[in-house]
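Given the sequences, and given the hints that come with them, work out the whole structure.
Protein sequence lines correspond, in order, to chains A and B. Using our numbering, read the first sequence as starting at 1 and increasing by one per residue. Using our numbering, read the second sequence as starting at 1 and increasing by one per residue.
No wet-lab data here; the hints were simulated from the structure. Each hint should be verified, as a subset may be incorrect.
[Unchecked claim] SDA-like, lysine to any residue: derived pairs with alpha carbons at most 25 Å apart: (1) A:K117 <-> B:G16; (2) A:K210 <-> A:F182; (3) A:K232 <-> A:A252; (4) B:K136 <-> A:K210; (5) B:K17 <-> B:E32; (6) A:K101 <-> B:A88; (7) B:K17 <-> A:F182; (8) A:K222 <-> A:L162; (9) A:K232 <-> A:L125; (10) B:K136 <-> A:V257; (11) A:K8 <-> B:R78; (12) A:K8 <-> B:E96; (13) A:K101 <-> B:G16; (14) A:K101 <-> A:V257.
[Said to hold, decoys possible] Estimated spans, in silico, between C-beta atoms of each pair: (15) B:D106 <-> A:A146: 48 to 56 Å; (16) A:A18 <-> B:Q30: 48 to 56 Å; (17) B:S282 <-> A:R183: 44 to 52 Å; (18) A:A233 <-> B:R92: 38 to 46 Å; (19) A:A86 <-> B:V74: 54 to 62 Å.
Being a predicted model, the structure only gives us computed values, none of them experimental. Where a beta carbon is used, it is the ideal one built from N, C-alpha and C, also for glycine.
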Amino acid sequence: MIRSLAAKTLRERWRMAAIFVGVIVAYTLLVVAIYPSIGKVKTDYAKNIPKAFAKFFGVSSFNLTTFNNYVTLQFLSLMWVILVAAFVIAMARRMVAGELKEGTLEFLLSQPVQRWKLLSVQAALLLATIVGFVLVTVGSIVAFAAAFNVGSTYGGYVVFILPACALFIAIAGYSILFSAMFRDPGRAAMAAAGLTLVFYLMNFAASYWKSVEFMGWFSIFKYYQPLDFIQKASLPVRDVLVPCALGLVSFAAALWVFQRRDVAP
Amino acid sequence: MPTNVISTESLTKYYGKVVGVEGLNMEVQQGELFGFLGPNGAGKTTTIRLVMGMLKPNRGRASVLGLDAWRQSVEVKRLVGYLPGEPAFYPRMTGEEMVRFVASFDGNGEDSGRELAGRLELDIGRRIEGYSRGMKQKLAIVLALMKRPPLLIMDEPTNGLDPITQHVLYEILRELREGGTTLLFSSHNLPEVERLADRVGIIRQGHLVGTERIEDLRNMRLRNVEVIYADEPPDRLDKLAGVIDFERAGNRVQLKFKGDLNVLLAELTRNELLDLSIGHASLEDVFLEFYNLEGDEQQ
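Structure below.
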């Protein structure tokens with residue numbers, strides 16, 4: 001039964017996931033390929049950019065002197081997060097609210113399947129997809145950097161995998177919760193995207209204004225510092241555990257809601 | 001002693017302040033075909049979804065084959081074939097894949113599903129995105145029946161089906177009944193209920209008006225009569241014993257009659273007729289008359 005549910009979910013999602021992998025690989029190629037040209041003007045370019053702007057992008061300054069700084073700034077700190085978060089939210093909204101609206105949830109639950117099992121199978125596949133995306137991203141960066149001969153050390157990227165996955169596990173957790181709570185998949189996606197944006201702005205505010213520095217601890221982006229992970233190359237346990245805990249608690253809440261909610265389009 | 005396959009006790013469901021069903025007490029016995037009749041929005045689908053454990057009741061309970069419909073809904077679904085009112089599937093899958101998918105939950109029904117698809121002349125090799133409304137309904141029927149469950153719950157089973165397929169479905173349902181299957185189905189199609197059901201329950205505005213055997217209702221022999229007179233209708237026609245809902249507009253008279261037709265005909269033909277039609281009143285008219293209720297169906 002679990003195998004059939006997983007196969008059904010995979011059949012629905014593989015096209016979108018494949019397109020997404022293609023986009024990530026192509027974008028990574030673009031970012032890495034233009035680094036040799038950017039590198040020639042990198043210092044002047046960096047000096048003229050305000051510090052607040054750099055903080056908005058989740059870095060302390062627009063220092064493009066190294067490939068790692070450049071890749072973090074151009075890709076991993078914001079653009080990549082937006083791309084993967086959008087995919088995660090889109091997949092999560094389908095899980096309950098989307099299937100409910102389309103009427104397929106009524107069909108699924110007319111079969112002898114426990115609700116928690118149904119949601120858990122879909123969540124496990126989303127988790128596997130997240131890990132896959134992170135691995136593809138890191139693999140692409142390393143492969144293209146080697147091909148263009150622009151990188152130096154890659155150990156930090158291996159460390160980056162875990163906290164990056166943790167960030168998207170947190171986003172997936174509350175996105176699934178909203179999907180289980182709302183009848184309308186659009187509202188579920190809006191709520192998840194809105195909360196992600198609030199977390200991002202909280203982190204920006206906390207890093208820019210001392211008076212609200214405490215807010216950073218309540219944002220998932222406080223625990224996502226890609227440049228630190230890559231440069232220090234040591235496993236940031238706290239930055240993995242906190243977002244994972246949020247993801248798990250949100251998912252447990254989603255199960256609780258889904259077990260009790262009415263299922264009718 | 002008949003065994004109850006489905007029973008509900010004070011089953012109540014509200015959608016906010018709107019009543020879905022309220023205080024519903026109903027029993028469906030083993031081996032019977034129970035028709036659930038009522039206009040759109042009366043609460044038929046809500047009741048079916050409560051019995052299927054899709055909705056959580058605000059009050060009361062439903063039990064299916066001795067199991068609580070909400071708390072033991074997974075066990076219930078092992079024993080029930082369900083046809084939803086508006087079947088929805090995954091458009092990229094083929095009918096065949098859907099049959100295999102449903103069979104995979106407990107490993108049976110695949111061959112039976114193919115056979116049923118053949119009888120309903122459904123091409124299960126095609127992707128569902130290319131199916132018409134009627135084809136989707138056929139697929140939903142195949143998926144509901146393919147495991148030969150002891151209980152079938154069908155919400156408007158002939159929706160979107162052409163008359164030939166409807167006939168095939170009636171045949172299949174009769175065969176299943178001979179094998180001991182119990183059927184609860186909803187419909188707003190009166191002839192369908194009369195044709196299939198042993199017993200009928202009428203639901204209106206979320207309340208079960210009552211349940212009766214079809215045969216008992218038919219035996220009441222309520223008839224619709226319409227007469228056009230050449231001139232005036234006979235005096236005191238409305239006072240004749242057995243005349244109900246008498247209406248007169250000029251030389252045209254409409255009434256419902258319960259009793260000996262010879263007496264009625266003798267009375268009607270006292271004056272010269274231009275036209276006369278006598279037909280069986282609808283099941284619902286009979287039912288409402290039986291329970292002495294207003295015939296309006298305002299929601």
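For this session: Mind checking the alpha carbons of K101 of chain A and V257 of chain A for me, to see if they're no more than 25 Å apart?
Result: holds, 17 Å
For this session: For the pair we were handed, K232 of chain A and L125 of chain A, check the Cα-Cα distance against 25 Å.
Result: Since the Cα atoms of K232 of chain A and L125 of chain A sit roughly 31 Å apart, the hinted pair is violated (cutoff 25 Å).
Exercise. If you draw a straight line from the CA of K8 of chain A to the CA of R78 of chain B, is it 25 Å or shorter?
Worked result: holds, 20 Å
Exercise. Given the hint that K210 of chain A pairs with F182 of chain A, does the C-alpha gap stay at or below 25 Å?
Worked result: violated, 37 Å
For this session: Could you check the hint for me, namely that A18 of chain A and Q30 of chain B are 48 to 56 Å apart, CB to CB?
Result: holds, 51 Å
Problem set entry | Proposed proximity, A252 of chain A with K232 of chain A (alpha carbon, max 25 Å) | Outside the cut-off at roughly 33 Å; violated.
Exercise. Given the proposed pairing of K117 of chain A with G16 of chain B, does the C-alpha separation stay at or below 25 Å?
Worked result: violated, 29 Å
Exercise. Between D106 of chain B and A146 of chain A, does the beta-carbon spacing fit 48 to 56 Å?
Worked result: With Cβ atoms ~51 Å apart, the hint holds.
Exercise. When you take the CB atoms of A86 of chain A and V74 of chain B, is the distance between them in 54 to 62 Å?
Worked result: violated, 35 Å
For this session: Compare the distance between the alpha carbons of K17 of chain B and F182 of chain A with 25 Å, and conclude whether the hinted pair is satisfied.
Result: Holds: K17 of chain B and F182 of chain A sit about 19 Å apart, inside 25 Å.
Exercise. Is the hinted pair K101 of chain A and A88 of chain B satisfied, with a Cα-Cα distance of at most 25 Å?
Worked result: holds, 10 Å
Exercise. Can the suggested window of 38 to 46 Å be confirmed for the beta-carbon pair A233 of chain A and R92 of chain B?
Worked result: holds, 43 Å
Hint compliance for this structure: hints 1, 2, 3, 4, 5, 9, 10, 17 and 19 are broken, all remaining hints hold.
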